[in-house]
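Engineer: From first to last, the protein sequence lines are chains F and R.
Per my numbering, residue 199 is the first one in the first sequence, and the count goes up by one each step.
Per my numbering, residue 199 is the first one in the second sequence, and the count goes up by one each step.
The reader is advised that the hints may include incorrect statements.
Copies of the same chain look alike in the list, so a pair counts if it fits in one copy or across any two.
Heads up, simulated SDA-like pairs for lysine to any residue below, C-alpha to C-alpha not over 20 Å straight-line [to be verified]:
1. K430 to K554
2. K519 to Q414
3. K215 to D393
4. K620 to D250
5. K609 to D247
None of these hints come from the bench; they were simulated from the model.
Number of protein chains: 2
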Amino acid sequence: MGIVLKNIQAIVPAGSKDEVKETSIYIEGDKIVGMGAEPAGFKTDKVIDGTDKLAIPGLVNCHTHSYMSFMRNVADDLSFMDWLFGTIDPIEQKMTDEDTYWGACLAIIEMMKSGTTCFNDMMMNIKQTTKAIKESGMRAVMCRGLVGSAEDDGGRIQQTYDEMEFCKDCDRITFKFGPHAPYTCTEDYFRRVSDEAKKAGIGIHVHLSESVAEIQGTQEKYGYSPIVMADKNGLFDVPCIAAHCVQVDDADMDIMARKGVSVVTNPASNMKLGNGFAPVPEMMAKGINVCLGTDGAASNNSLNMFHEMSLLALIHKGTHKSPQCVSAREVFRMATLNGAKALCLENQIGSLEVGKKADIAILDLNNPSLMPKNNLIAGLSYSANGSEVDTVIIDGKITMEGRKVLTLDEKLVYQKVNEIIKRMGLENKDYV
Amino acid sequence: MGIVLKNIQAIVPAGSKDEVKETSIYIEGDKIVGMGAEPAGFKTDKVIDGTDKLAIPGLVNCHTHSYMSFMRNVADDLSFMDWLFGTIDPIEQKMTDEDTYWGACLAIIEMMKSGTTCFNDMMMNIKQTTKAIKESGMRAVMCRGLVGSAEDDGGRIQQTYDEMEFCKDCDRITFKFGPHAPYTCTEDYFRRVSDEAKKAGIGIHVHLSESVAEIQGTQEKYGYSPIVMADKNGLFDVPCIAAHCVQVDDADMDIMARKGVSVVTNPASNMKLGNGFAPVPEMMAKGINVCLGTDGAASNNSLNMFHEMSLLALIHKGTHKSPQCVSAREVFRMATLNGAKALCLENQIGSLEVGKKADIAILDLNNPSLMPKNNLIAGLSYSANGSEVDTVIIDGKITMEGRKVLTLDEKLVYQKVNEIIKRMGLENKDYV
Numbered sequence: 199m200g201i202v203l204k205n206i207q208a209i210v211p212a213g214s215k216d217e218v219k220e221t222s223i224y225i226e227g228d229k230i231v232g233m234g235a236e237p238a239g240f241k242t243d244k245v246i247d248g249t250d251k252l253a254i255p256g257l258v259n260c261h262t263h264s265y266m267s268f269m270r271n272v273a274d275d276l277s278f279m280d281w282l283f284g285t286i287d288p289i290e291q292k293m294t295d296e297d298t299y300w301g302a303c304l305a306i307i308e309m310m311k312s313g314t315t316c317f318n319d320m321m322m323n324i325k326q327t328t329k330a331i332k333e334s335g336m337r338a339v340m341c342r343g344l345v346g347s348a349e350d351d352g353g354r355i356q357q358t359y360d361e362m363e364f365c366k367d368c369d370r371i372t373f374k375f376g377p378h379a380p381y382t383c384t385e386d387y388f389r390r391v392s393d394e395a396k397k398a399g400i401g402i403h404v405h406l407s408e409s410v411a412e413i414q415g416t417q418e419k420y421g422y423s424p425i426v427m428a429d430k431n432g433l434f435d436v437p438c439i440a441a442h443c444v445q446v447d448d449a450d451m452d453i454m455a456r457k458g459v460s461v462v463t464n465p466a467s468n469m470k471l472g473n474g475f476a477p478v479p480e481m482m483a484k485g486i487n488v489c490l491g492t493d494g495a496a497s498n499n500s501l502n503m504f505h506e507m508s509l510l511a512l513i514h515k516g517t518h519k520s521p522q523c524v525s526a527r528e529v530f531r532m533a534t535l536n537g538a539k540a541l542c543l544e545n546q547i548g549s550l551e552v553g554k555k556a557d558i559a560i561l562d563l564n565n566p567s568l569m570p571k572n573n574l575i576a577g578l579s580y581s582a583n584g585s586e587v588d589t590v591i592i593d594g595k596i597t598m599e600g601r602k603v604l605t606l607d608e609k610l611v612y613q614k615v616n617e618i619i620k621r622m623g624l625e626n627k628d629y630v
Numbered sequence: 199m200g201i202v203l204k205n206i207q208a209i210v211p212a213g214s215k216d217e218v219k220e221t222s223i224y225i226e227g228d229k230i231v232g233m234g235a236e237p238a239g240f241k242t243d244k245v246i247d248g249t250d251k252l253a254i255p256g257l258v259n260c261h262t263h264s265y266m267s268f269m270r271n272v273a274d275d276l277s278f279m280d281w282l283f284g285t286i287d288p289i290e291q292k293m294t295d296e297d298t299y300w301g302a303c304l305a306i307i308e309m310m311k312s313g314t315t316c317f318n319d320m321m322m323n324i325k326q327t328t329k330a331i332k333e334s335g336m337r338a339v340m341c342r343g344l345v346g347s348a349e350d351d352g353g354r355i356q357q358t359y360d361e362m363e364f365c366k367d368c369d370r371i372t373f374k375f376g377p378h379a380p381y382t383c384t385e386d387y388f389r390r391v392s393d394e395a396k397k398a399g400i401g402i403h404v405h406l407s408e409s410v411a412e413i414q415g416t417q418e419k420y421g422y423s424p425i426v427m428a429d430k431n432g433l434f435d436v437p438c439i440a441a442h443c444v445q446v447d448d449a450d451m452d453i454m455a456r457k458g459v460s461v462v463t464n465p466a467s468n469m470k471l472g473n474g475f476a477p478v479p480e481m482m483a484k485g486i487n488v489c490l491g492t493d494g495a496a497s498n499n500s501l502n503m504f505h506e507m508s509l510l511a512l513i514h515k516g517t518h519k520s521p522q523c524v525s526a527r528e529v530f531r532m533a534t535l536n537g538a539k540a541l542c543l544e545n546q547i548g549s550l551e552v553g554k555k556a557d558i559a560i561l562d563l564n565n566p567s568l569m570p571k572n573n574l575i576a577g578l579s580y581s582a583n584g585s586e587v588d589t590v591i592i593d594g595k596i597t598m599e600g601r602k603v604l605t606l607d608e609k610l611v612y613q614k615v616n617e618i619i620k621r622m623g624l625e626n627k628d629y630v
């Protein structure tokens, strides 16, 4: 199908930065086949009028746990231990396969409605989640959360291979291995997972240096930091995306810079659970590829990347008392191309360029948050809230139009997640 | 006109906290005349079905500069001096009366669409702004920014009296005196303004202790802090709302607590301009009435109180490394009833109660951000983005329905603010 975005403002790469430019974008099959002039032999099936519209590359959410979306606002303003063991764990005990599916559907609807077209997910039930991904038209990178030791991981590495096999019919889904964290994996398990990743030729997605408790525990057990533990056991010898990295020192950052580790920062989750602020400006200065993620809806509680972009652009200006610290332009890169790089998809997604996949969010500028039409890259971080996203194209297919998701039944999903919460006795529950 | 919100979830006060409760709300004239059972003799003209809806008291934005909205995203990621003198000041030199009007219209549209029904404005051209307020149906507290000395203030105090006279036909508009800041007013001017405020029986709206430069300048000039300067010169002897208070020490906070000063915190603006984080948890602990504001669109760049609530609920958890610090429930109070108190309007607005003005925002829960329907007070701060607001009632009149503002012409306002920016050579301007 040939789709044209006609005379539209678009954010496009211009060297190391991005710029807003009026153009036309031609889509054929799953790809952008032309920008500016119409390519020879292009067959137009659908024209989207670009008046008062802004096309941006679909946002890349580099760290989430999509199934948790049905747990949104279930456990707030609690200490980490009360949150995890008092509320989230008991819910997960009662969770069925189908609950995972509806949770993932809700996550996908929220992400699509706020311009995210690709997400990096750490999950327990991949088959149910990827069912939602396949149906919805989303793009995702999946990993099963791996916990245990080299001798006994409950068959989780083997499950990852089974799940890769299960998804081989959908090229929008790729995989990583997902060793959960230093406090849920042994050193020899990190080693075993990195060996498997090398063998399989895929990357790693891991939680590292999120809380002070994690640092202290790792230091006591091994005598070094989580970053050193990961490095010593091979996790950084394959493409690695490390979530959080809040509690990292200079030596940790030097290791990650040298090994080409990508760091996903999750500002809302890190603040909400009381973990603090990741040293993002310092990591940028060291040349680390920093990208952006929302974490799950049980600890954020939003999967809206516009919210996350705003936080990222603001908080470091506050902590560093500098209005120049982490610019809106840098934030936009982190939410798009840097994310694509972290997921090893930079040749396919992350920017609007001929030859790349057509993963595009189209914003309606007729919203007060983006008026007047000035400095739109700044507007994305500082004044937009995500509801300006009108149309979403993923892999060349229109998955949302006029804010209506075309590929999932929104009302049914809302009904189902409310039924889950009701079954668990949490419906309309007020504060603890 | 008798309006019923039938069988609706509503956030209502329950002692010192708020709770979500299903009820029906009866509106007659400008007031809530009943909740729960239909009041005797009530005549129903319109029924709003409460299914999947949430009624909240309209949000109270306690510090903004509405006319600046046409300067949204004009000057970002700049140092304070480059921002103010390099960009904002030159624009203000070129600004006409009509520009102020359209700027205020844009601000009101943005606020209404994100559930704000009352705002506290510091302005230069009150007549143009209040024209927009009168037309739109908004509620506002106005003050002219007063700068100068007791001998020469360019006639600004007199202008305030003239403007009060100009607005006496609209009881949705009340006034404060607005001494701008310690660095733009002399001590004797602070004294003169507080004497006038006492005489007129109205309160004060002032910027205090925003930046380190302000603290240093005041300390050098007078030998004490901006808070002490304000206190010594009578500003706290009338109801006073102090914006920012980022750089305050224990002694400053004790003075404000003792004198019953209300503090408006503006998290986005304070971070964006590199001023840091106000000690909100410490002020709360001292019993200071803390409320919430967006500041102007030239330094935020959003007037969306949901964005601000989210920041307020998150950042102090980050700085204090405590997930219990500043709860979502406390944030909701700061954005509603605490704001009403600060504006001396707590008997009229700030909560859904019989006898108060009908200032109500109705959210559509059929949005992924508020699904599942659980712990909705938390949801307002952590997952909603403001676009869930479907209908707004101010002073008993429906001013927005189905997200369409009924009282202003949105398209015309967008056209006009773009014309202003074009005239000033800033249209579609990219980053500096």
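Engineer: Between the shortest in-copy and the shortest cross-copy C-alpha distance, which are at most 20 Å for K609 and D247: within, between, both, or neither?
Structural biologist: between (29 Å within a copy, 18 Å between copies)
Engineer: For the identical chains here, do K430 and K554 meet the 20 Å Cα criterion within one copy, between copies, both, or neither?
Structural biologist: So K430 and K554 fail the 20 Å test inside a copy (36 Å) and across (65 Å) alike.
Engineer: If the cutoff is 20 Å on CA atoms, where do K215 and D393 land: within, between, both or neither? Let me know, please.
Structural biologist: neither (37 Å within a copy, 54 Å between copies)
Engineer: Cα distance capped at 20 Å. Does K519 pair with Q414 within a copy, between copies, both, or neither?
Structural biologist: between (29 Å within a copy, 16 Å between copies)
Engineer: For K620 vs D250, is the C-alpha pair at or below 20 Å within one copy, between two copies, both, or neither?
Structural biologist: Between copies only: 15 Å across chains, 42 Å inside a chain, cut-off 20 Å.
This entry does not satisfy hints 1 and 3, going by the numbered hints stated previously.
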